[in-house]
Amino acid sequence: MTDATTIGIASPIVPEPAAARPTPPIVRARGLTKRYGSLTAVDGIDFDIPAGSIFGLIGPNGAGKSTTFAMIASLLIPTSGTVTISGIDPMQDPKGVRKAIGWMPDTIGVYGDLTVEDYLRFFAAAYRLPKANWEGLIDGLLELVNLGDKRLAQVDSLSRGMKQRVSLARALVHDPDLLILDEPASGLDPRARVELRELLLQLSSMGKTIVISSHILAELDAVCTQLAIMEGGRVHASGTPAEIRTSAGGGRRVRVDFLGGDSVEIACAGEHEQAALLVELVNRDPRTVIGFSPVADDLEGIYMRVTGRVADVAATGANQ
Amino acid sequence: MTSVQLPWQNPVLARELKQRMSTPRIMLVITLYLVVLGAIVLGLYNARTGQRTGGFGQAGITQVATIGQGLFEWVLFFMALLVLFIVPGFTAASIAGERERQTLRAMQISLLSPFGIVVGKVMASVALTMLLLVASLPLLAVSYLIGGITFGEILISLGVLLFAAFSLSCITVACSSLVKGVTGSILLAYGIVIAMVGGSFIAFGVLSEIDQSRGFDQADPPSWVMATNPLVAIADVADRGSGPQLDPFGNVIFGPFGPVTNNTDSPLSFIRSMTESRFNQFGEIGFPEPIPVDIGGAIPEARDLQADRIPIVGEFLITSSVLAVIGLVVATRRLRTPAATER
Ligand SMILES: Nc1ncnc2c1ncn2[C@@H]1O[C@H](COP(=O)(O)OP(=O)(O)OP(=O)(O)O)[C@@H](O)[C@H]1O
Ligand SMILES: [Mg+2]
Numbered sequence: 001m002t003d004a005t006t007i008g009i010a011s012p013i014v015p016e017p018a019a020a021r022p023t024p025p026i027v028r029a030r031g032l033t034k035r036y037g038s039l040t041a042v043d044g045i046d047f048d049i050p051a052g053s054i055f056g057l058i059g060p061n062g063a064g065k066s067t068t069f070a071m072i073a074s075l076l077i078p079t080s081g082t083v084t085i086s087g088i089d090p091m092q093d094p095k096g097v098r099k100a101i102g103w104m105p106d107t108i109g110v111y112g113d114l115t116v117e118d119y120l121r122f123f124a125a126a127y128r129l130p131k132a133n134w135e136g137l138i139d140g141l142l143e144l145v146n147l148g149d150k151r152l153a154q155v156d157s158l159s160r161g162m163k164q165r166v167s168l169a170r171a172l173v174h175d176p177d178l179l180i181l182d183e184p185a186s187g188l189d190p191r192a193r194v195e196l197r198e199l200l201l202q203l204s205s206m207g208k209t210i211v212i213s214s215h216i217l218a219e220l221d222a223v224c225t226q227l228a229i230m231e232g233g234r235v236h237a238s239g240t241p242a243e244i245r246t247s248a249g250g251g252r253r254v255r256v257d258f259l260g261g262d263s264v265e266i267a268c269a270g271e272h273e274q275a276a277l278l279v280e281l282v283n284r285d286p287r288t289v290i291g292f293s294p295v296a297d298d299l300e301g302i303y304m305r306v307t308g309r310v311a312d313v314a315a316t317g318a319n320q
Numbered sequence: 321m322t323s324v325q326l327p328w329q330n331p332v333l334a335r336e337l338k339q340r341m342s343t344p345r346i347m348l349v350i351t352l353y354l355v356v357l358g359a360i361v362l363g364l365y366n367a368r369t370g371q372r373t374g375g376f377g378q379a380g381i382t383q384v385a386t387i388g389q390g391l392f393e394w395v396l397f398f399m400a401l402l403v404l405f406i407v408p409g410f411t412a413a414s415i416a417g418e419r420e421r422q423t424l425r426a427m428q429i430s431l432l433s434p435f436g437i438v439v440g441k442v443m444a445s446v447a448l449t450m451l452l453l454v455a456s457l458p459l460l461a462v463s464y465l466i467g468g469i470t471f472g473e474i475l476i477s478l479g480v481l482l483f484a485a486f487s488l489s490c491i492t493v494a495c496s497s498l499v500k501g502v503t504g505s506i507l508l509a510y511g512i513v514i515a516m517v518g519g520s521f522i523a524f525g526v527l528s529e530i531d532q533s534r535g536f537d538q539a540d541p542p543s544w545v546m547a548t549n550p551l552v553a554i555a556d557v558a559d560r561g562s563g564p565q566l567d568p569f570g571n572v573i574f575g576p577f578g579p580v581t582n583n584t585d586s587p588l589s590f591i592r593s594m595t596e597s598r599f600n601q602f603g604e605i606g607f608p609e610p611i612p613v614d615i616g617g618a619i620p621e622a623r624d625l626q627a628d629r630i631p632i633v634g635e636f637l638i639t640s641s642v643l644a645v646i647g648l649v650v651a652t653r654r655l656r657t658p659a660a661t662e663r
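Protein chains in written order, with the numbering used here: chain A, 1 to 320; chain B, 321 to 663.
The hints are simulated quantities; they were obtained by calculation from the structure and are not laboratory data.
You may find that some hints are simply not true.
[Said to hold, decoys possible] Derived DMTMM-like pairs (lysine to aspartate or glutamate); straight-line CA-CA distance at most 20 Å: (1) Lys500(B) to Glu635(B); (2) Lys338(B) to Asp118(A); (3) Lys95(A) to Asp156(A); (4) Lys338(B) to Asp113(A); (5) Lys338(B) to Glu143(A); (6) Lys131(A) to Glu195(A); (7) Lys95(A) to Asp118(A); (8) Lys95(A) to Asp113(A); (9) Lys95(A) to Asp175(A); (10) Lys338(B) to Asp175(A); (11) Lys150(A) to Asp177(A); (12) Lys95(A) to Glu117(A); (13) Lys338(B) to Asp177(A); (14) Lys131(A) to Glu117(A); (15) Lys95(A) to Glu420(B); (16) Lys150(A) to Asp118(A); (17) Lys500(B) to Glu420(B); (18) Lys150(A) to Glu195(A).
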């Protein structure tokens with residue numbers, strides 16, 4: 001696949017259990033706030049992004065995701081609070097942060113009148129990489145994002161998904177430890193989304209920490225090791241997908257089907273309670289049980305509840 | 321890991337040139353420009369040589385030299401106009417365009433410094449202007465071959481033009497960093513050019529009128545009003561003063577009435593006549609009277625007049641340098657990140 005030596009990426013590390021080796025978080029935000037006049041885009045959020053994780057930030061339009069990313073990426077000055085990247089404060093040492101991060105904005109900004117290779121050469125120069133390495137680097141990057149045959153193509157002639165991959169290759173030019181991808185899946189067709197997911201896993205296996213945003217939770221559910229649900233500038237739930245399920249969703253639900261077509265759903269907090277409740281039900285109920293199935297209470301439901309609740313609060317707040 | 325970058329290795333410069341050269345537009349601009357300028361030179365040359373009555377023998381080298389000077393000043397004038405029109409066109413989109421196309425922030429979070437980005441943009445536009453100026457060199461060479469001007473004069477004039485292009489590029493990059501959209505940036509940049517050129521002429525004209533209405537005194541209209549005007553500076557550079565004129569071989573050029581005079585009918589000569597008109601006792605703006613009539617000691621000697629003439633080139637170079645620095649500082653500050661707002 002990728003020639004790791006040419007693009008300078010360390011050989012894939014064997015994933016270890018997260019708990020076995022507590023690594024310091026690569027991104028740490030404390031009370032991070034951004035205000036535009038009276039509008040609070042990001043409202044004092046705290047989060048840690050563990051090194052090596054795939055961290056998903058999910059929220060509806062205007063939640064403050066891009067603003068948060070811009071503050072991590074040393075573009076925006078926080079109104080208050082701090083964020084550090086590998087211990088570096090972008091306000092103190094923006095160059096230090098810039099060496100460590102690759103950022104892909106939510107808009108595809110590419111120079112359409114350049115060829116793909118010239119586009120990447122420009123950023124290789126912008127990151128002051130030695131010229132002797134450029135060509136091998138570009139080969140490696142294009143192979144990674146599956147654009148090997150488009151090297152000489154004019155950027156304008158590429159499809160949206162391809163441009164997005166060119167943009168991703170650009171973010172990887174200087175082999176950063178942390179990738180910040182702002183809605184990389186928007187505008188992609190289903191196949192391209194699957195490919196993107198695979199690419200993210202591949203990058204993760206190369207040891208990169210990935211921060212990714214989306215409105216669509218299903219997109220991130222499958223790949224993310226950490227999730228945060230954001231709305232109205234606040235983080236409403238965060239943790240591993242499993243943690244969010246238990247904490248915000250009130251546990252799991254199981255559907256019990258009876259002979260004759262009846263069914264009931266039971267909600268339970270954990271595995272033990274689930275077993276107990278089911279045994280009790282089977283004993284108590286005169287009907288014949290023909291099957292159990294977990295109800296797909298995926299994160300989508302939780303997300304809708306979290307963001308819906310916030311919307312309700314906002315609506316009542318507006319009525320008062 | 322990193323390598324040292326020399327100024328001409330500026331990544332933004334390299335990219336800009338690649339982008340500009342990838343379209344045939346620049347070549348079209350050059351061709352069109354040369355065709356127009358060539359036609360003007362040819363027309364002037366024909367008109368001048370046609371005016372000659374009695375042939376070479378009578379007019380001698382003087383008239384030929386005057387033709388050479390006239391052509392030189394006409395070409396120079398059009399080159400100066402070109403700089404004024406084309407530099408804002410080359411530069412106005414430099415930063416505003418990247419904002420519009422959403423490509424700016426990717427540059428800002430790279431290891432390029434804001435100053436490096438600005439300098440790359442300025443150098444790209446100066447390089448393109450230089451290309452145009454070099455392309456029109458053959459036309460200047462025609463006047464050089466005809467005679468009446470020196471190689472040094474050509475070099476100095478080109479130097480002043482390039483400096484004007486540089487300064488204007490810096491100012492336009494600042495416009496481009498201040499205004500969000502490309503259209504606004506173009507309007508602002510051309511507005512500034514019009515103010516620098518037209519505005520300074522008008523201001524000087526008004527001040528001259530006021531000055532002359534007061535009659536003769538020692539106070540002259542302040543010359544710094546013209547210090548932003550590249551046309552005045554270039555007219556000044558092309559001015560041969562009243563000293564003896566040299567042919568390409570360094571010999572003094574003599575006409576029937578003495579050394580070759582400074583009077584050509586080029587627009588530059590007209591501009592000079594404006595700046596000199598304050599010495600015209602009748603207050604007529606038009607042809608200068610190099611030797612004032614003595615009407616009673618109030619008028620300085622002709623020698624003093626020459627020394628007294630507005631040293632516009634110097635003032636222009638100083639003003640342009642200051643404006644260039646201001647432009648660079650403004651643009652650099654506008655590109656600095658982290659910033660309070662990005663849009
Ligand atoms: N430069 C700005 N000036 C004023 N308000 C801004 C600015 N940038 C963002 N905002 C506001 O801040 C809030 C958060 O915006 P942000 O772009 O971070 O949201 P987002 O979660 O990325 O949304 P989306 O999913 O639409 O990309 C929005 O209400 C937005 O209008
Ligand atoms: Mg966004």
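Starting from Lys131(A), check that the Cα of Glu117(A) is at most 20 Å away, please. holds, 13 Å
Does Asp118(A) lie within 20 Å of Lys338(B) when you go C-alpha to C-alpha? Holds: Lys338(B) and Asp118(A) sit about 9 Å apart, inside 20 Å.
Has the given pair, Lys150(A) with Glu195(A), been kept, meaning a C-alpha gap of at most 20 Å? holds, 17 Å
Hinted pair Lys95(A) and Asp113(A), Cα distance within 20 Å: violated, 28 Å
Given hint Asp156(A) paired with Lys95(A) - CA-CA distance at most 20 Å: violated, 30 Å
Between Lys500(B) and Glu420(B), is the straight-line Cα distance small enough, at 20 Å or below? holds, 8 Å
Holds or violated: Lys95(A) with Asp175(A), Cα cutoff 20 Å? Roughly 15 Å between the alpha carbons, so the hint for Lys95(A) and Asp175(A) holds.
When you check the alpha-carbon spacing of Lys338(B) and Asp177(A), does it fall within 20 Å? Given that 20 Å is the threshold and the Cα spacing comes to 31 Å, the pair is violated.
Need the status of pair Lys95(A), Glu117(A): alpha-carbon distance at most 20 Å? Judged against 20 Å, a Cα distance of about 25 Å means the pair is violated.
Is it true that the CA of Lys150(A) sits at most 20 Å from the CA of Asp177(A)? Roughly 26 Å between the alpha carbons, so the hint for Lys150(A) and Asp177(A) is violated.
Taken at face value, is the distance from the CA of Asp118(A) to the CA of Lys150(A) at most 20 Å? Holds. Lys150(A) to Asp118(A) sits at ~12 Å (cutoff 20 Å).
Within 20 Å, alpha carbon to alpha carbon, are Lys95(A) and Asp118(A)? Violated, at about 24 Å.
Consistency with the previously given hints fails for numbers 1, 3, 5, 6, 7, 8, 10, 11, 12, 13 and 15, ordered from lowest to highest.
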